[in-house]
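Visitor: Heads up: the protein sequence lines correspond to chains U, X, E and R, in order. The numbers in the working numbering rise by one with no breaks, and the one at position 56 of the first sequence is 56. The numbers in the working numbering rise by one with no breaks, and the one at position 167 of the second sequence is 167. The numbers in the working numbering rise by one with no breaks, and the one at position 90 of the third sequence is 90. The numbers in the working numbering rise by one with no breaks, and the one at position 168 of the fourth sequence is 168.
Rather than coming from a laboratory, the hints here were simulated on the basis of the structure. Fair warning: there could be bad hints in the mix.
To be verified - Calculated lysine-lysine pairs in the BS3-like style (CA-CA distance at most 25 Å, straight line):
| no. | chain 1 | residue 1 | chain 2 | residue 2 |
| --- | --- | --- | --- | --- |
| 1 | E | 10 | E | 45 |
| 2 | R | 80 | U | 262 |
| 3 | E | 351 | R | 45 |
| 4 | X | 304 | X | 122 |
| 5 | E | 327 | E | 302 |
| 6 | E | 93 | X | 290 |
| 7 | E | 351 | U | 301 |
| 8 | U | 262 | R | 39 |
| 9 | U | 193 | E | 260 |
| 10 | R | 394 | E | 351 |
| 11 | E | 45 | R | 93 |
| 12 | U | 137 | E | 169 |
| 13 | U | 301 | E | 169 |
| 14 | E | 45 | U | 262 |
| 15 | X | 265 | E | 260 |
| 16 | E | 327 | U | 314 |
| 17 | R | 93 | U | 287 |
| 18 | X | 304 | R | 169 |
| 19 | R | 93 | E | 142 |
| 20 | U | 87 | U | 116 |
These are the residues of each chain, in order.
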Amino acid sequence: MQQLPLEGIRIVDFTAVWAGPHVTQWMAVMGAEVIKIESNLRPDMTRSFFSNVNTNLTMSAEYSGLNCGKKACTLNMTLPKARELVKELIKVSDIVTENFGGSVMDRWELGYSDLKKIKPDIIMYSGSGFGRTGPYKEFPAYAGIVEAFGGLCSLNGYPGGEPLPMATFGYADITSAEHGAFAILAALHHRSKTGEGQYVDLSMTEVVSCLLYEQIMDYTMNDRVQGLQGNWNSTMAPHSCYRCQGDDEWVAIAVSNDEEWKAFCYTIGNPEWTMDERFRDGLNRLKNQEELDRLIEEWTKNHTHYEVMEVLQKAGVMAGPTLKVAEVVQDRHLGERGFFIDVGHPDVGTVRFPRLPWRLSEGPQGNYEQPPRLGEHNDYVFAELLHLSKEEMARLQEEQVIF
Amino acid sequence: MQKLPLEGIRITDFCHVWAGPHVTQWLAVMGAEVIKIESNLHPDLTRSFFAGDKTLTPGLNQSVDFAVLNYGKKCCTINMTLPKGRELAKEIMRVSDIVTENFGGAVMDRWGLGYSDLQKLKPDIIMYSGSGFGRTGPYKELPAYAPIVDAFAGLFSLNGCLGSEPCPFGVGGWTDLVAAQHGAFAILAALHHRSNTGEGQYIDLSMTEVASSFLPDAIMDYTMNDRVQGAQGNRDNAMAPHGCYRCQGDDEWIAIAVSSDEEWKAFCDAIGNPEWTTDERFRDGLNRWKNQEELDRLIQEWTKTYSHHEAMEILQRAGVMAGPSLKAEEVVQDSHLREREFFIDIEHPEMGTVRLARLPWKLSDSPQGNYNHAPSLGEHNDYVFKELLNMSDEKIAQLQEEQVIL
Amino acid sequence: MTMQALSGLKVVEWCEFISGPYCGKLLADLGAEVIKIERPGLGDKARSHGPFPQDIPHPEKSGTFLYLNTNKLGVTLNVRSTTGAEIFKQLVKQADILVENNPPREVEELGFNYESLKKLNPRLVMTSITPFGQTGPYRDYKSCDLISFHVSGMAYINPSCGVDDIEQKPPLRGSENQSGLVAGLSGAIATMSAIFASHATGLGQHVDISEQEALANVMRITLGTYALEDVAWTRYRPVPLSEIYHCNDGLVYMVLDQDKTWLSWVEAMGNPEWAMSELFQDQVSRRENRDAGKMLIEEWTKEHTVDEVVRAAEARRIPCKAVNTVKESFSSELLADRGYFVEVDHTAAGKFQYPGAPCKLSLTPWRVERPAPLLGQHNEDVFCGRLGYTRQDLVTMRAQGAI
Amino acid sequence: MSTQALSGLKVVEWSEFVSGPYCGKLLADLGAEVIKVEKPGSGDKSRSYGPFPQKIPHPEKSGLFLYLNTNKLGVTLNVKSTTGAEIFKGLIKQADILIENKPPREVEELGFDYQSLKNLNPGLVMTSITPFGQAGPYRDYKSCDLISFHMSGMAFINPSDGVDDIENKAPLRGATLQADLVAGLNGAIATMSAIFARQITGLGQQVDLSEQEALASFMRRELGVVTVEGIGWTRLKGTQPGMASDIYQCSDGRIYLICFHDRTWEPWIEFMGNPDWATSELFADMASRRENWDAAKAMIEEWTKEHSVDEIVRTAEAMRIPCKPVNTAKEIVESELLEARDYFANVDHKQAGKVKFPGAPYKLSETPWRVEHPAPLLGEHNEKVYCDRLGYTKQDLVRMRAGEVI
């Protein structure tokens with residue numbers, strides 16, 4: 001039976017909510033053993049996010065979507081004993097991850113310098129909104145905050161309109177998490193060559209800036225502050241999203257050169273547009289794109305968004321339906337690629353989750369075990385890993401250390 | 001009736017042999033009135049050139065060399081050795097726009113007909129001097145023939161089979177003609193300037209410099225990399241195959257060049273050796289280039305089985321560059337050139353119908369040029385002296401007496 | 001110079017524009033040797049994309065290209081020519097990783113698909129980043145940032161709120177080029193995972209990244225909610241009172257979804273009457289009455305400056321920041337203090353500030369050792385120095401259009 | 001700065017490699033404003049051709065490109081895109097001259113054939129330089145320097161001498177690029193002629209120039225001999241009719257010597273110290289010398305082998321016997337002659353640094369040839385031309401670049 005890439009790597013995971021757990025989600029799926037440290041005092045916040053079927057701190061979508069294949073144990077970190085116990089665990093681990101709102105780990109004396117004493121080659125990851133250094137290091141942050149502060153909102157919206165919050169929950173959370181996962185893997189690679197561990201300090205704000213390099217370069221080069229472009233593009237036209245037949249159905253279409261434009265016009269039965277003063281070439285199309293968008297929508301209105309994609313793509317024109325969440329889940333392409341996997345769940349039977357977005361040609365596709373219930377793996381952690389006796393464990397539960 | 005581009009421009013032409021007459025040849029065809037100044041003492045050397053075996057002592061009006069370099073020109077005979085002759089010539093220059101010469105040295109100066117003299121005569125005159133090494137500099141008095149210049153300028157060191165010794169250039173007076181064309185262009189530029197500003201000027205052309213201008217990559221390679229290129233034969237430093245191959249039939253050859261993988265594939269398919277495209281030695285351009293001796297050998301095995309025209313048709317249809325190495329007579333018979341009417345027949349009073357090569361272009365809207373037969377010696381004396389200079393018959397007779405008109 | 005995390009990894013990047021190059025950049029900035037292959041002539045599409053200093057297009061001055069290709073070695077290669085293909089294979093033989101983002105069909109036609117390349121180099125990790133992945137019905141469809149964003153489902157739920165009669169507006173592509181970046185980022189993680197797998201097995205594998213999935217993955221929570229609770233998301237989907245508020249001199253984004261933050265904000269506003277009503281007593285009621293709530297809160301914020309609001313909120317540890325443009329985030333004391341932006345001096349483009357490390361590794365630094373390569377800058381180093389061609393060969397190959 | 005002969009002429013050069021660009025260079029170096037249109041990306045093919053400093057290929061450091069494109073404005077334009085075609089027409093409207101060397105079929109497909117362009121600009125002179133011209137069966141055939149040279153008939157009679165058993169060697173292409181250069185040169189003359197025609201008629205026209213013809217017309221005397229005398233030329237012409245010319249080995253190199261005619265033969269044998277063989281009947285007059293020239297050559301060479309190039313050349317020239325060493329590019333670049341004539345141009349190029357290359361082969365006394373700016377970087381003048389001249393905005397430039405239009 002072939003191994004997963006990260007089998008044998010153990011992570012002590014203090015992360016909670018979105019940004020953090022997504023980091024370890026990638027690692028877990030890739031085979032790392034991720035041990036979530038929670039407690040009944042402080043369960044991962046997402047467990048309790050309101051939900052129609054959320055019965056037992058396990059089944060919120062938020063929680064399930066980010067914690068497949070992980071293990072969970074409960075430790076009351078407010079108690080010194082718990083912190084001692086965690087140190088034992090860290091001794092037998094490779095990586096420690098956290099994304100607290102401030103320097104909680106330092107206060108717990110679990111900062112990097114402390115951990116290095118316990119385990120010299122430890123790799124520690126800290127994810128935060130503004131970084132673990134600098135003036136805002138103690139500020140709490142949510143993705144929306146960082147997106148606003150980082151300039152992302154100022155670029156999200158309709159031309160001439162107002163800055164808008166990004167669509168999905170925690171866009172900055174997840175893009176940061178993925179940069180974090182990559183950084184950890186790089187650190188692991190270095191450790192496997194040299195035996196040295198290190199500290200990874202990730203700032204979501206800086207991740208957002210990386211994602212906005214184009215606008216930033218334009219500013220540093222030309223002092224220009226780009227405004228809202230909506231679905232438009234500074235160099236392509238048509239390049240927008242058009243209403244289709246059916247209820248609230250939309251399709252996105254982009255034409256990048258004259259050949260595609262010709263193909264487009266012939267396909268939708270308006271060859272004369274290729275001659276039309278206003279649309280003859282790319283520059284004119286850009287200048288007249290409002291009119292152009294209006295005319296194109298008159299055509300798209302008579303077709304479903306999937307129809308539009310099929311006819312245009314066959315003609316070599318870029319087009320794709322604006323999928324609703326439900327449609328994403330039902331999309332035949334994603335279906336055929338097996339993007340969604342069914343995870344068996346003791347409480348609600350099978351649940352369908354998106355895989356991580358890649359295929360490896362060899363070996364198993366990853367560890368998509370059901371998300372753990374609170375403290376589900378206490379026995380494994382304390383008995384098997386830390387060799388505590390039944391008695392010791394009972395006592396610690398007494399003392400609400402394991403809690 | 002539409003006019004030729006240079007109609008109304010008059011040239012007093014002291015040029016002789018090849019380089020010079022070729023300059024005025026272009027201008028004459030384009031409509032300029034070119035008046036050659038010769039004399040029975042010094043007829044244009046080419047009038048007496050031996051041409052083939054037809055006749056060992058042709059008349060001065062029957063030389064092919066002369067016929068093919070002087071059509072459309074006029075000719076009068078003046079004995080320039082006499083002061084009076086030079087005065088007479090001045091009269092012609094006074095009503096001319098351009099004076100051209102390609103003497104072996106500063107003859108014009110000695111005659112008191114240098115640029116400064118002519119300027120006094122006619123302020124806006126354009127004077128052209130063609131010479132082997134230029135009218136200034138250490139060699140200004142040296143005589144030069146094209147091959148001398150070619151040798152000196154390095155052309156021969158690049159002409160020859162791969163690795164062979166330098167070879168003289170095949171065509172007669174190559175640099176004569178290249179130089180002449182640069183000269184014609186410079187004259188036209190000067191004319192353009194004159195028509196804008198009314199200013200004339202002096203043009204000093206050196207054949208050596210023309211030859212250098214025509215070896216850009218060899219010279220740049222030396223100035224940039226201190227590399228001295230040698231003869232490359234039919235080879236190219238990028239393309240392979242790039243050579244000339246023997247064909248079926250007596251001494252028939254075809255030139256073939258392949259510039260890309262697409263063409264190589266087309267070539268192999270066309271000659272029925274598709275497997276070559278996968279052959280280690282020829283798979284890609286670099287390998288083809290490194291193994292081109294072997295490659296040339298193999299290709300020749302194919303070309304040998306076709307006539308050069310067949311081979312061209314096969315390859316060109318496949319989109320591969322190929323063309324027969326035409327013999328002079330094949331050029332004359334070439335179907336393409338014929339269809340383009342590259343050759344025109346000129347009626348010559350003494351030689352009969354002479355077939356000559358046009359100038360190598362067609363103007364879409366101008367008549368194709370002045371291709372009257374090359375003038376017999378002194379053929380236009382009357383026109384020049386009577387019409388142009390309004391001299392009386394008596395005066396003319398007298399000048400003939402004095403051997404001024406001779 | 002200190003060793004970097006990925007020093008010693010040999011990468012060949014056969015990519016254009018954004019997704020692949022960002023993957024390559026992540027590896028290169030941490031020390032991997034990335035040889036970037038560009039087509040002779042125009043080179044990477046990003047060279048034509050801008051932004052350009054003073055808006056004067058120049059292949060060596062495109063902000064997009066300069067940012068995405070730091071630390072790489074640049075060679076030109078026409079892989080469609082036989083010589084080019086030959087050289088490409090030699091490079092792949094020497095590489096640990098090949099990153100490519102070319103149309104799958106093209107890659108197969110050229111004989112550079114994984115099955116063929118693994119014969120040359122069994123250790124090779126080949127990472128393919130394409131709009132729809134290597135399999136499935138859309139495999140050969142054309143796409144770009146706009147299309148990918150819409151087919152991922154992200155556009156449909158964007159923006160989340162703040163627009164009146166959203167139903168009348170088309171779904172919205174976020175800030176430009178996010179799709180490519182997210183895909184490239186996913187690629188980098190998957191690539192490193194595969195590298196670890198090869199530590200164990202000594203064998204490489206094919207990493208198949210789909211841009212559509214990479215983006216959909218960002219929505220894993222959204223998708224999970226649907227999968228789990230059958231909540232089909234509507235386009236209008238406010239988070240209770242977590243949104244953008246107007247101030248008298250700008251906008252702020254504030255998160256008030258928790259009872260704690262809500263109460264302290266009410267206090268910040270001076271405990272106004274309305275806030276005490278049961279309309280806003282708990283999360284559920286605040287969600288139901290968010291419009292009223294927002295309106296009332298804005299009555300207060302509109303009386304204050306962004307500064308005042310942010311300070312008031314942060315004093316109470318309420319997540320809140322100004323909605324910035326890149327100009328403001330670029331000039332913020334925060335990023336300055338963190339030393340985030342790096343100045344890069346490029347022979348052709350000159351000195352500019354670039355976005356820096358997405359995260360800081362304590363031991364093995366992120367750094368820009370060399371700016372983005374000029375087109376074909378390293379042809380000699382690579383082809384002569386590494387593959388043993390002579391300079392004369394270079395001249396010949398150039399004339400043949402192979403390099 | 002003094003005005004130049006062609007100042008004020010507006011030229012668009014839509015040409016690649018050598019023929020068209022050389023035509024454009026001739027105009028540009030004399031002051032015409034030449035806007036060179038290159039395809040985005042790789043640009044002019046000659047940018048990829050070399051020679052390159054240190055043999056490291058670089059699009060801005062090709063010696064060939066640097067030489068052929070001095071004084072031009074460079075823009076990038078994809079004329080196949082709709083916007084590109086628009087812009088191209090915009091440029092044509094403002095131009096006096098268009099120089100193009102594209103395949104005729106391609107030009108027609110793009111709608112840039114003369115008939116179409118003249119509707120935009122009736123005054124336009126359109127110079128089309130192609131391997132086989134705008135009409136005729138070979139019109140769409142592919143060619144290059146090698147093919148054109150062979151199909152002109154020049155290769156077949158090259159080399160003229162100095163090769164043993166020539167019959168077994170392939171006909172020979174001359175030094176590289178000659179065919180293309182000649183075509184460009186002819187184009188420049190024809191273009192200027194058309195400009196003059198325009199001064200009369202106010203109308204432009206198309207110059208249809210065939211490279212094959214341009215070269216064939218260099219063989220006018222060989223062709224003339226064929227057409228007039230009906231004599232076919234043999235591969236090895238040896239002594240050319242009318243002129244004996246040979247390369248002789250000396251103790252330290254080679255010379256090219258012409259000592260056939262009486263007026264050079266006498267002093268030459270005197271120089272050799274009147275050896276007995278030379279005074280024999282066999283070489284008494286030109287006719288007999290021609291008969292026995294091979295013998296004469298052998299004897300002469302025995303003597304020259306004993307002497308150095310220098311002593312022979314110096315004395316021969318003193319006697320006005322045409323004689324020069326056979327040089328390579330190295331010697332010509334370093335020759336005192338070109339030094340004295342101040343022939344080479346030294347240009348400082350942004351990327352290639354200081355480069356030395358051939359200057360003008362002619363000197364115009366009033367309107368100098370000069371290099372005002374070096375060859376353009378790829379697209380260097382896009383802004384100047386598109387924004388200042390055609391009124392596009394910089395943002396338009398950015399868009400057009402992204403669309404790979406420029």
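Visitor: List in ascending order the numbers of the hints, as given earlier, that are violated by the structure.
Guide: 3, 4, 7, 9, 11, 12, 15, 16 and 19
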